[in-house]
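Asks: First to last, the sequence lines map onto chains L and P.
One point on numbering: in my numbering, the residue at position 292 of the first sequence is 292, and numbering is uninterrupted.
One point on numbering: in my numbering, the residue at position 67 of the second sequence is 67, and numbering is uninterrupted.
No wet-lab data here; the hints were simulated from the structure.
Keep in mind the model is a prediction, meaning the values are calculated, not measured.
Hints may be right or wrong, so weigh each one.
To be clear about the criterion: a stretch of chain L counts as covered by chain P if any three or more of its residues have a C-beta under 8 Å from a C-beta of chain P, and this derived list gives those stretches [unchecked claim]:
no., segment
1, 154-160
2, 197-209
Simulated DEER-style distance windows between Cβ atoms [claimed, not checked]:
no., chain 1, residue 1, chain 2, residue 2, range
3, L, Ala219, P, Pro203, 32 to 38 Å
4, P, Ala32, L, Ala219, 25 to 31 Å
5, P, Ala260, L, Leu218, 48 to 54 Å
Glycine included, every Cβ here is placed at the ideal spot set by N, Cα and C.
Protein chains: 2
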Amino acid sequence: MPKPLIALDWGTTRARAFLIGEDGSVMDRRIADQGIQSVPAGGFPAAFEGIAGDFRRKRPDAAIVLAGMVGSRNGWVEAPYVACPALPEALAAAGIAVTLEDGTGATVLPGLSWDDGAFDVMRGEETLIVGLGLDDGIACLPGTHSKWAEVRAGRITRFASFMTGEIYGLLRQHSILARLAEEPSGDDASTGAARGSAAAARPAGLLNAAFAARTEVLAGRMKGGAVGPYLSALLVGQEIAGAQALFGRPVTVDLVADGALAASYRAAFEAAGLPFRITTPEDAFIAGVKRLAARLLA
Amino acid sequence: MPKPLIALDWGTTRARAFLIGEDGSVMDRRIADQGIQSVPAGGFPAAFEGIAGDFRRKRPDAAIVLAGMVGSRNGWVEAPYVACPALPEALAAAGIAVTLEDGTGATVLPGLSWDDGAFDVMRGEETLIVGLGLDDGIACLPGTHSKWAEVRAGRITRFASFMTGEIYGLLRQHSILARLAEEPSGDDASTGAARGSAAAARPAGLLNAAFAARTEVLAGRMKGGAVGPYLSALLVGQEIAGAQALFGRPVTVDLVADGALAASYRAAFEAAGLPFRITTPEDAFIAGVKRLAARLLA
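Model the full structure from these sequences, guided by the hints.
Replies: Right, dumping it as structure tokens:
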């Protein structure tokens, strides 16, 4: 790190901004609600000023790196996807220069694509994966559209997306199960999660196992409070099984998560007997953006 | 058939009523919007009069048999589930007597349950399965909550439900894919269905394959009109794979469907190389209710 760094993880609905000192420590951080969908065309320099202008004034010598949906077609500038397999150097080299209101330069990082017949993409997660510093391994980044990625010899070789979080939300809020689901009380959460985890292994698959939540509740064999945890564990279990079908059984999974998601996936990995270590998304982003910035500035 | 029969397939949102002559032919039929959810407590005799009162007056000597959700906890009377394996005789014997406004008796048929660790139920489909007249076979009844059932030596031995139709609706109307989906034009439907069918066999499963619709459209490799047919074929393919995991590969599947559902499943069976024959839900119901009524009246 030859000089300080202002780094934004700039997504669709939110931006996370960090001021990172020469020594690599985070000197300031903030979360802004100004995701790229709230920024009008041409409004990105002003939006950056609103989110991180004071970081700029505090450290005018800082390099500026922007990751995530800010590099999409609806972002500041389109930074085309880099195709897997890809080294961190390739991601840094594909960064696109943009100019702030005062003429200062900044770099918008690209996303990653993978094509094994079905096309898949990520924007933002690639920076967190780089931050794990893996030579070889499997990373799991849970969320609305979870990502699993394989790293070999320092390259992100391939990855896959799973609609786990989104389908959980659809089932929990809009399906026939929504009416039966209640807030967990007592042991509901652990009972539901244990049953959902077991249901993920049932042979007839997700479409069958999801329906069982309904019949079990109507038969008085499962409480309404167990429905949400059941569905969550069922879907996470199916995601993990799908990822293992693609990537094989990992020696250790690098799980990038915090809060409730970390707890859900931790329980699912334990149920599957899969060793794992956890990194928070913030730690992974900071480490990744520093690594990419060092290559940009080299 | 010793005498005429008035038969209702009385579900949650609709009732289908049939007047069947001594010779077994359908003399009159109608569909009413008065599903059981629109009937107040105690209102079933009046609701029956509204739906099929004129059938009664036309043939006062007719036996009356009611199938479907009318036998649920929120129906006319609760007819407890008969547990699989079950012969048609057991379904007929578990019918519950109710009384019309003028004191005439009618019979409410029960549903079926199956418990292999996860509890599963059906109400109404059991009558259609009986109508297939199978000694041994596998029946598929597609819908919001599709049912697959196994028949051995004339007994319905076990069955499974799949949330195929409901999850299709959630993805098509409420997910991130909803915005990308358009009405199919040109070859969109067949292209989408072929790709969805292939995607159903991808190793990472439904949560991954559903997301591919998004990235393929954004990458310009699939048209918006192909999204709905892609999702439908993907889900139906997963349902068929799940049913085969449970029941093995059937010699022939008895598909009970008509209209668009019949077309979707026909294409999916052809793609899977599975022999099948099609019976319409009306034909299966008429045959089933006649068979059960004959046992009731025997």
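Asks: None of the hints should be skipped; say for each whether it holds.
Replies: Verification of the hints:
Coverage of the segment 154-160 of chain L by chain P is violated. Counting CB-CB distances below 8 Å, 1 residues qualify, and the rule asks for three or more. Coverage of a stretch by a chain is defined here by at least three residues with a beta carbon nearer than 8 Å to that chain's beta carbons; for the segment 197-209 of chain L and chain P the count is 9, and the condition holds. As the Cβ distance of alanine 219(L) to proline 203(P) is approximately 34 Å, the hint placing it in 32 to 38 Å holds. A hinted range of 25 to 31 Å holds for the C-beta pair alanine 32(P) and alanine 219(L), which are about 30 Å apart.
For the pair alanine 260(P) and leucine 218(L), the beta carbons lie near 29 Å from each other, so the given range of 48 to 54 Å is not met.
Of the numbered hints stated above, those contradicted by the structure are hints 1 and 5, listed in ascending order.
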